[in-house]
Amino acid sequence: MAVTSSHGSTRTWWQQNQQTLTPWLFLIPGMFMFAVYVVWPILSSFWISFYDWNGLRAPDGSSTAEWVGLGNYAELIGDDAFETSLKNNILWLVLYMLAVPFGLFIAIFLNQTVWGIRMYKSLFFFPFVISQVVVGLIFSWFYAPNFGLLYLLTEWLTGTGTAILADPNKVTYGIIAAGLWPQTAYCMILYLTGLNNVSPDQVEAARLDGAKGFKMLWYVILPQLRPATFIAVVVTVIGALRSFDLVSIMTTGGPFGSSRVLSFYMYEQALSEYGFRMGYGAAIAVVLFLIMMVFISGFIWKMVRDEKEGY
Amino acid sequence: MVHMKAGTLAVVASLLASGSAFAEQRVLTYYADYDPNPLAAMEALIADFEAANPDIDVQLNNFDHEGYKTAIRNFLTTDAPDLANWYAGNRMAPFVEAGQFMDVSDVWEANGLGESLASAKASMTIDGKQWGVPYTYYQWGIYFNKDVYAQVGAEVPTTWDQFIANCEKFKAAGIDCLTTGTSALWPGAGIFDYMSLRTNGYEFHMDLTAGKIAWTDQKVRDVFAQWAKLVEPGYITANHAAIDWQDAAALLVQGKAANYVMGNFAVATFKEGGMTNDNLGFMPFPEITPGIPRAEDAPTDTIHIPSGAQNVEDAKLFLAYVASADAQTKLNAALGQLPTNKDSTVAADDPFISAGFELLSTSYALAQFFDRDAPAEMAKIGMEGFQQFMVQPGELENILTRLEEARQRIYQ
Amino acid sequence: MFPRPIAQVSPLARISYQVALPLVLILWLLPLIGVAFTSVRPASDLAQGNYFGWPSSFAWQNYVEVFQNTPMWQYIKNSFYVTIPTVIGAVAISCMTGFALGIYKFRSNLLVFFLFVAGNFVPFQILMVPVRDMTSQLNLINTYTGLVLFHVAFQSGFCTLFMRNFIRALPRELIEAARVEGVSEFQIFFHIVLPLMRPAIAALSVLIFTFIWNDFFWATVLTTKAEVQPITAGLSSLNGQWVAAWHLVSAGSILAALPPVAMFFLMQKHFIAGLTLGAVK
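Those protein sequence lines, which keep their order, are chains A, B and C. Residue numbering for the first sequence is 1 to 311, as defined by the numbering used here. Residue numbering for the second sequence is 1 to 412, as defined by the numbering used here. Residue numbering for the third sequence is 1 to 281, as defined by the numbering used here.
For the record, the hints were derived by calculation from the structure and aren't laboratory data. Please read all numbers here as calculations on a predicted model, not as lab measurements. One should not assume that every hint holds.
To be verified - Derived SDA-like pairs (lysine to any residue); straight-line CA-CA distance at most 20 Å: (1) 121/A / 25/C; (2) 121/A / 196/A; (3) 121/A / 262/C; (4) 269/C / 120/A; (5) 105/C / 19/A; (6) 342/B / 313/B; (7) 302/A / 25/C; (8) 308/A / 118/C; (9) 121/B / 342/B; (10) 308/A / 262/C; (11) 105/C / 24/A; (12) 271/B / 43/C.
Claimed, not checked - Where chain C lies over chain B, by a calculated footprint (3+ residues, C-beta under 8 Å): (13) 53-65; (14) 276-282.
Claimed, not checked - Quick look at which bits of chain C chain B covers, simulated, 3 or more residues with Cβ under 8 Å: (15) 5-15; (16) 223-230.
The beta-carbon is built from N, C-alpha and C at its ideal position, and this holds for glycine as well.
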């Protein structure tokens, strides 16, 4: 800091150095926890992915792991279930992005000042507040064969009911649709806040120039919403890659693994009833992590740039 | 942070408090995974045991049924109880091999269990030693709706051809011949077990689940060829892949389906749905290849002593008690299942229990169930294959190739 | 304002907007409304196939049944025992890290900051095997402490991002002036910065409360029995026992959703302020 204490004559060692030391003292608890529970486990997962380990320890506490080098990764290449999971993850990433335009659309629809609009905005946001477990249960009920609302609706329209969760070609779309519900609500609230801060002068000026409708949105509004769009994209990408809860609740990866995603497949391999392959699970997690790293680096790069401009 | 510590202290304090109340007794800790009804039955057994042994206090710590399967992998090393629930057959092999279950052959020896629990002995034995004690099992077979049989004029079949012929009648009446709900995968494995046991017999089936036979073997193809007679004409409930087994049971109750390959625990569900002994029927799975000795699925639930147990002496006493004829009679009457002790008795007024007792005691051999006979990983991949076959029978070649690849990796 | 305020357009458009609003809302919340109705539908309605009509009577006893026959009450308590310490822990830690990173300029400041930020984006699965093994080695599987410690550590990423950005926006003159007065750095934290952080603490608390309450993954990985399972994991295991009992599943779902919903409506301003931090510049 440029300005320092003026009581220079009687300063102790601590007083002289407190500005250098204080930040570190304040960082210690956070950094310690973070190192133990986040940084170290990431490294450890990389390490475990080179082992074949069933997670058991002998009665004396020693691990029963066996070094297999890149064996787990070699196995991933020929693994159909892994391929399905990877494909589904890409599907999630692409389709989940729909939450961003949907959210924008609803936000524009709600950005009015009529009686009760605050209540409407809150109620539209509602799906985001409830747990994904509950969202998954709600949609399982909605999709249920024979008596689900969707089944009855399609039966009424086409004569044969569609059981989305039983159809290996449709199941992932069904789960993504369920996921879009809360995610759209999240994007909506981001855009509502963004719209609130759109400069009225620019809008009026553009209106005088004859801009309206889609043109106005594209050339005048969206550029001003860029921060909101950035956050919406970030949270949607993270949400798409974490997509564990819904898959676990709605299908547990079925039918016959068609709706698996990497995060669920990893859990299944490492911790579910039918597999305790910690090393193989860790290898899947590493792949997921590397995919995420591509995005994380992009996000961080942008944030660092903004940060540097901010100084 | 302060609040968090206070919370922890409160938990520790409450643990201490509950422990000290029984300080004068010898404590026997027991980790289990009972659903509510079986829990009540086991608590009654424990009460009887404590009454007979007033100096022992059995502390039952009940886990969520699904969560238990992962929990046991922790607590056996970090916090071993004196007794723990598990399953017979291949399911206990990883723990036996890791040295986490104690050899209890002496309990079998001292109480003559080899004699009284003869039917379950093979599935409790690894390397010639016994690693736990069975307390219950139940039969599998075909449960059917008698009203629907009468409606289409079908006879209860004893052979596979008759069964398939009936299916045609049901199909014509718009009824699912065979219902199932494979959302949790395992109900499909029940069908596979019987197709395999009836087509190729017990020895072949056990060799298959033990990884000694290729999944691309012609005899395995024969099993699926028989099964295809149900799948290809659409005799099995559509969308079974998204249906839970209870939902499929409802179809049988409502008369929308005729037959259901299930375990005896499903009787309670059928009866809750409104069926009675008058319209719910049970039959053994019909014969496919003539002359093959009849074997059945009878999953056995067991209790073990972890190697890290503190109070081994009393744990063995408890095992002997659980194995005894009287205890098993009472426990299984409450469970609605079959005692493994041949000297026990079953309720004569329950036709399903009596039929099961008869079925199992006259059977040539007992399989545990696909997901207990095969190693866990193989079971998972296999059951997905069975489910896929019932949805996409045309994919059989891919399914068998996948299973064979898995076999070569898993059993190496 | 965009779009053009409805008050400025034709009365017809205004009326159709007013009519459309509730209709769209009902459509949007249809799955939720369906579940809410199912939760008070008597079991007999479901047995007779009355899945979507008006319930033949309002069966509040579904809720009573859920509380009587399941450890629901225990699950709810467990969720509070996990959530509240986590909120306190994560907020406390991030007030400190946020202060350190937001006020002081030192060489590795940005590096440390972005380490926290990056950690916040990490897929949890990569942490699962080691965290579970570590928790098991510490004998903390099936304890509140095991879950709380992990949550506090993991949430500190997001919380640090949040607090640091908030503190950076505070007027720096205050701090400079205090230093000139000879106020120590600790006093600056406790007497100047902390009081100004109240809105951020409120916003963060509501957010973390909701995140942790709704967590399912770690609840499944680190707890396995009803005595400590939070409601999300509890609901999932009850779902296994309750197949075909949709009235009970629905009632359980509504109960699980209530606390975060209540939190949201009570603290709406803070909640949205927290969630949208950074959505405007």
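How the hints compare with the structure:
A C-alpha spacing of about 9 Å is found between residue 121/A and residue 25/C, which places the hinted pair at or below 20 Å, so the restraint holds. Distance hint between residue 121/A and residue 196/A is fulfilled; the C-alpha atoms sit about 13 Å from each other, no more than 20 Å. At roughly 16 Å between alpha-carbon atoms, residue 121/A and residue 262/C fall within 20 Å of each other, so this suggested pair holds. Proposed proximity of residue 269/C and residue 120/A is supported: the alpha carbons are some 15 Å apart, at most 20 Å.
For the given pair, residue 105/C sits about 10 Å from residue 19/A by alpha-carbon distance, which is consistent with the 20 Å threshold. A C-alpha spacing of about 26 Å is found between residue 342/B and residue 313/B, which places the hinted pair above 20 Å, so the restraint is violated. Of the supplied pair hints, the one linking residue 302/A and residue 25/C is violated, its CA atoms being roughly 36 Å apart against a limit of 20 Å. At most 20 Å may separate the alpha-carbon atoms for a hinted pair to count; residue 308/A and residue 118/C meet this at roughly 17 Å.
Between residue 121/B and residue 342/B the CA atoms are separated by roughly 12 Å; this keeps the pair inside 20 Å, and the hint holds. For the suggested pair residue 308/A and residue 262/C, the alpha carbons sit about 40 Å apart, so the restraint of at most 20 Å is broken. Distance restraint check for residue 105/C and residue 24/A: the Cα-Cα separation of roughly 12 Å lies within the 20 Å cut-off, and the hinted pair is therefore satisfied. For the hint linking residue 271/B to residue 43/C, the alpha-carbon distance of about 15 Å falls within 20 Å, and the restraint holds.
Proximity of the segment 53-65 of chain B to chain C, defined as three or more residues with a beta carbon under 8 Å from a beta carbon of that chain, is established by the 5 residues found. Here the segment 276-282 of chain B counts 0 residues with a CB under 8 Å from a CB of chain C, which misses the bar of 3, and the coverage is violated. Three residues within the 8 Å Cβ limit are the bar, and the segment 5-15 of chain C against chain B gives 0, so the coverage statement is violated. Check result for the segment 223-230 of chain C against chain B: holds, 5 residues qualifying (beta carbon to beta carbon below 8 Å, three or more required).
Figure legend: structure checked against the earlier numbered hints; hints not met, in rising order: 6, 7, 10, 14, 15.
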